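Colleague: Listed below, chain by chain, are the residues.
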Amino acid sequence: MVRITLTVNGEKKEVDVSISESLLHVLRDKLHLRSVKANCYRGECGICTVIMNNRLVKSCQVLAVEADGAEIITVEGLTRDGKIAPIQRAFIEKFGFQCGFCTPAFVLAGHWIVNNMPKASEDEIREIISGIVCRCTGYKQIVDAIKYAIMLAHGESG
Amino acid sequence: MGSKELKYIGKRIPRVDVDKVLGDAEYAYDFELPGMLWVKLVGAPHPHAKIIKIDYSDALKVPGVVRVFTGEDFPFKVGIYAADRDVLAREKTLYYGHPVAAVVAESLEAAEEAASKIVVEYEPLPYVLTIEDALKDNAPLVHENLAEYKHAPFIYPKPGTNIAHHTKLRKGNIEDGFAKADIVVENSYKEPMISHYYLEPWTGIARVKKDGTIEVWSSHQSPFAVRNLLALSLGVPITKLVVHHLRTGGGFGGKAGLLLEHIPVLISMKLGGRPVKLRLTARENFFFMAQRAGYLIKMKTGVTANGKLVAHYGEYYLDAGAYADYTVNIARAVGLTAFGPYEIPNIHVDSYAVYTNKVPTTAFRGFGMQELFFAVESQMDELAHKLGMDPVEFRLKNVFVPGKSRTAINELLRKDAGAPAQAIKEAAKLIEWNTPSEKPREPWKIRAKGFAAFWKGPFQPPNATSSAIVKLNEDGGVDLLIGTGEMGQGTTTGLVQIVAEELGIPPEKIRVAPIRSTDMVPYTWQTVGSRGLFTDGQALVNALNDLKRKIRAVASKIFNVEEYEIEIGDGKACVKGEPEKCVELKDLALGYMQPTGITIGGPLIGAGAHVPERNVLTHPETGQILEEGHLAPFYTFGAGAVEIEINLLTGDIRVLKVVSVFDTPALNPGLAEGQVIGGAVMGINIALREKLLFDVKGEYKGLFPEGMLLNPCLSNYIVSRAADVPKDFKIKFLGVGQSDAPYGAKGIGELAMLAWPAAIANAVYNALKIRITELPLSPDKIIDEIKKKRPELLEEAEKFLELNL
Chain A
1 MVRITLTVNG
11 EKKEVDVSIS
21 ESLLHVLRDK
31 LHLRSVKANC
41 YRGECGICTV
51 IMNNRLVKSC
61 QVLAVEADGA
71 EIITVEGLTR
81 DGKIAPIQRA
91 FIEKFGFQCG
101 FCTPAFVLAG
111 HWIVNNMPKA
121 SEDEIREIIS
131 GIVCRCTGYK
141 QIVDAIKYAI
151 MLAHGESG
Chain B
1 MGSKELKYIG
11 KRIPRVDVDK
21 VLGDAEYAYD
31 FELPGMLWVK
41 LVGAPHPHAK
51 IIKIDYSDAL
61 KVPGVVRVFT
71 GEDFPFKVGI
81 YAADRDVLAR
91 EKTLYYGHPV
101 AAVVAESLEA
111 AEEAASKIVV
121 EYEPLPYVLT
131 IEDALKDNAP
141 LVHENLAEYK
151 HAPFIYPKPG
161 TNIAHHTKLR
171 KGNIEDGFAK
181 ADIVVENSYK
191 EPMISHYYLE
201 PWTGIARVKK
211 DGTIEVWSSH
221 QSPFAVRNLL
231 ALSLGVPITK
241 LVVHHLRTGG
251 GFGGKAGLLL
261 EHIPVLISMK
271 LGGRPVKLRL
281 TARENFFFMA
291 QRAGYLIKMK
301 TGVTANGKLV
311 AHYGEYYLDA
321 GAYADYTVNI
331 ARAVGLTAFG
341 PYEIPNIHVD
351 SYAVYTNKVP
361 TTAFRGFGMQ
371 ELFFAVESQM
381 DELAHKLGMD
391 PVEFRLKNVF
401 VPGKSRTAIN
411 ELLRKDAGAP
421 AQAIKEAAKL
431 IEWNTPSEKP
441 REPWKIRAKG
451 FAAFWKGPFQ
461 PPNATSSAIV
471 KLNEDGGVDL
481 LIGTGEMGQG
491 TTTGLVQIVA
501 EELGIPPEKI
511 RVAPIRSTDM
521 VPYTWQTVGS
531 RGLFTDGQAL
541 VNALNDLKRK
551 IRAVASKIFN
561 VEEYEIEIGD
571 GKACVKGEPE
581 KCVELKDLAL
591 GYMQPTGITI
601 GGPLIGAGAH
611 VPERNVLTHP
621 ETGQILEEGH
631 LAPFYTFGAG
641 AVEIEINLLT
651 GDIRVLKVVS
661 VFDTPALNPG
671 LAEGQVIGGA
681 VMGINIALRE
691 KLLFDVKGEY
701 KGLFPEGMLL
711 NPCLSNYIVS
721 RAADVPKDFK
731 IKFLGVGQSD
741 APYGAKGIGE
751 LAMLAWPAAI
761 ANAVYNALKI
771 RITELPLSPD
781 KIIDEIKKKR
791 PELLEEAEKF
801 LELNL
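Residue numbers (the working numbering), protein chains in the order written: chain A, 1 to 158; chain B, 1 to 805.
Chain A with its partners taken away, still in its complex shape (with noise of 0.2 Å):
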């Protein structure tokens, strides 16, 4: 067991954890992280993915030793005081999400778009969110939700 010190949503957590855990257990079952999705355990699928040092990251590919030192984010961060995030506002207005299951990971990426590269072109938009896999929506609600988000943020400029 090694102790790492992880900043989650902007709170110091210190877990002890084995040498061959996953980022993604620790958030899912150390953290109680629950909006932090799991399906494919293996990089195929990128709901998993949090936001780690400003970088998308699938957490399930990221072992928990890496990840020592390292701000995180995940959904349950972008709800402050009660105020939720451009990017969450826009999916639900733009109907970006149907089962909901890979929803926290394309709202991460999202809010990372957002903040990172808000002159994305729509190509630029679906190429970043091609690490994670929607089975409902067909990705264009997605990708509309994500350049109203950029929108709301940065205004029409963008």
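Please note that a few of the clues may not be correct.
To be verified - Residues from chain B that face chain A, not an exhaustive set, calculated with beta carbons under 10 Å:
#1 L22
#2 E72
#3 A282
#4 Q489
#5 G504
#6 P506
#7 L671
#8 E673
#9 G678
#10 A680
#11 Y700
#12 L714
#13 S720
#14 A722
#15 P726
#16 K789
As the list claims (entries may be wrong) - Listed next, the in silico EDC-like pairs over lysine to aspartate or glutamate satisfying Cα-Cα at most 20 Å (straight line):
#17 B:K11 / A:E93
#18 B:K727 / A:D144
#19 B:K190 / B:E132
Read the hints as simulated data drawn from the structure, not as lab findings. Just so you know, these numbers come straight off a predicted model, no measurement behind them. Ideal placement from N, C-alpha and C gives every residue a C-beta, glycine not left out.
With chain A held as given, fit chain B onto it using these hints.
Modeller: This is chain B only, laid out in the frame that chain A set:
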């Protein structure tokens, strides 16, 4: 309803299940109870084998292991339409992955470790992996004891064969029909088994309370179907069974009936009621959970020289896998549907579900219709080409006319059944059918358009009823109690809009509980077949009418007028024409106290039901309806068209444009477009890429275990990604409603998927003059076909490649 302007219906009202975006939606996958045990299943490594011995002594030594169960612990069969399924395999295993043992442990890790220590000795048996092999005279039998299985009265298994069910349809006189035909087209169409790949792997949790109450939390579409089937399978009383419906992470038909809920229930019963969780991994979901059947559709269709369909002969075979589950009823659905939305006087169809030694199969969005229409709509184009007639014109010449046409089972379509011809015309207009595709800049690419029409209703028994309850709250808000499953399709939001419109209150003041339990919400048969909004919506309209009657009764006493003089809207009940005489609904909700204290009314609750109108059964020998009526409470009609681009060098097909037209109005364009786009992307991916791979020819003998599914992961089972789907969608709802539907709206969730394989195959023909009758239309298949049938195209294209080099 009438002509007054609608405030919430037809509007883009946001979904009610926003917990999914906020991160606290609760799925069975996530659900846990204190003291919960974990189950791990052990699957067989052979397609068909006798179980000689199961040794789990080492498994029991793993710390934390509680028990190991095998088939002999549960000596009975379960199933939906036919009880053909062992809880855990007994005596023999029927497919690669067939669960033979269940390990129960204090932790998932301990259960996993122990499962790897179970040693099973098998004696391999001869097996069948294809429909063709399963139907041979001396084929190994998947179920030798078929004659002894209990089954629903409308299911006809053939003991001594691998036929799980046979449906017959006989209309008119088939010989006379073909005698009148000037042109006959005969073809065989094939689709492989595919996977739903919903993102929440199947999960079930169960516990038994000391008073005998069995509680189940599972990933399902229809809580009442799970309750009913569990009660039937296990012989427990309905009133002792509570099924909780949480958020469901995708279903697409794959979570329609009873899945593996009986396993955690039975284990909990054996372990003193302790909570037990069985959660599959994505990989296990391919092996343990039912997939979609494969199809072999043989058909021969005759038409007169002037373009009238006169005869249709079909043999439809569904590869059901080892347990037929819903697939027997899907075989019935495709058999009784027989053909597309066209009138044919003489039809002879036999439809079969066939057992093979492969993973069991079940419903998939469309209930067989996408597969049937791939054949039918390809056939329609072939007939049109032979006639020298435009495919759209040929369809219009034969399409159903509501109020006049009779379907294959002899239903007279109701006058307000829909607008099939209008949908075809509109789709042709939107794809600019008569304008040829532009030539792509790269000369090794070729573009063309393709067309397909479709129709479908929910394939449900005549007594598939629904109910709804609305409770008025003291803030003027409403609790909506409904048994509808929500797996992403959005029905609950549509139902909330109906409440909002009828009472004139904003959707924010209407609550649908995110967890709905069978002992708390009223009954609805199932959430399948795109029926929810129509049937549960009608029950809800009736419940709202009941509530309004009660509101009027109280308000009329307050104002001393007759009940009919009270009108309800904007959250108030007012005397007609006297706007100052109003009482707010919130003041009536719990009982209205008059100035002297005397209280009238009371907590106001409305209840309503829906029973399908004149839905009837069909004759077992002919498939014809037993008396004038309908098989489904509604049919939705529509048409789809695509423009595609084929790369002649790679065989890759890109869908550039998608046109999707439905006759029904949309209650919420945002939700409806989501269904249409999601369905199109799924249907297009099925057309181009999806296939569960089995080594049917023995090509990989020695490399992989025999009979194993070879692509149980997303690296090899290809689902679509954001970068490789069409972006250009033209969607239209014609607004032609059915009179008894809530605000006219009929279902579209499944319909959204039906056109695409046929439309793309027709576009491929229009581009290459090659008819491909087997899915998927994968690059290797396209290249193979070009090499075989149009080698000059490839030679031409390769010239450009050389030039570029």
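Colleague: Mind listing which of the numbered hints don't hold for this structure, in increasing order?
Modeller: 2, 5, 6, 11, 16
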